Amino acid sequence: DAEITQSPRHKITETGRQVTLACHQTWNHNNMFWYRQDLGHGLRLIHYSYGVQDTNKGEVSDGYSVSRSNTEDLPLTLESAASSQTSVYFCASRETETTDTQYFGPGTRLTVL
Amino acid sequence: AQTVTQSQPEMSVQEAETVTLSCTYDTSESDYYLFWYKQPPSRQMILVIRQEAYKQQNATENRFSVNFQKAAKSFSLKISDSQLGDAAMYFCALEGNTPLVFGKGTRLSVIA
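Going line by line, the protein sequences match chains W and C.
The first sequence stops at residue 113 when you use our numbering, and every number in between is there.
The second sequence stops at residue 225 when you use our numbering, and every number in between is there.
Isolated chain W (complex conformation) (with noise of 0.2 Å):
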């Protein structure tokens, strides 16, 4: 069955180390999407992507990045990851258009110490 997957499910790092989640779906959907979750905010957009080699910017995008090298993948990376992005992290994903059901991974919790 098709699906989307993130790895890990739970990171543990240090302040100033680089993160990278990954994101992988195999329904071959043109769009995919990173939110983080936080307690009393709920999910906020982070980075997305409408294809291969886009990539735009979301509402929390600071601190975060993403690249599009194929369709199935959309990692993100913490370049020099910081307390306030412990957080929960959710993936998802959809064929084209905004009438398509959006697809969410399980999650994965970091920790940032």
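Read the hints as simulated data drawn from the structure, not as lab findings.
Computed from a predicted model, the values in this text were never measured in an experiment.
Check each hint, because a few of them may be wrong.
Claimed, not checked - DSS-like, lysine-lysine: derived pairs with alpha carbons at most 27 Å apart:
| hint | chain 1 | residue 1 | chain 2 | residue 2 |
| --- | --- | --- | --- | --- |
| 1 | C | Lys191 | W | Lys57 |
| 2 | C | Lys168 | C | Lys191 |
| 3 | W | Lys11 | C | Lys191 |
| 4 | W | Lys57 | W | Lys11 |
Using the hints provided, position chain C relative to the given structure of chain W.
Below, chain C alone, put in the same frame as chain W:
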């Protein structure tokens, strides 16, 4: 900028009863979509219901229905015959020319 407001951080409902979760939003766009997502303790985000703004008819999915008031920019979710499995965080979300903007969520408890 698009914003979504959920004014009820927590709600509770007796099993088999009906509950309504509130959501208001703001957007300058005329063409947009509204969503309700459910997040159970497993953290998985599950789409509950979707409404296209250009459709006047309220969307319905089994026990879930919405009351979409476009002029008032209101999009409430009604859950009928509540079940224990409905206990979760519920997020209202809006998408127009930019990707999904979420509200802060309402935690729904179902009392047996």
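Checklist line | Numbers of unmet hints, in rising order | finding: Violated hints: 1 and 3; rest satisfied.
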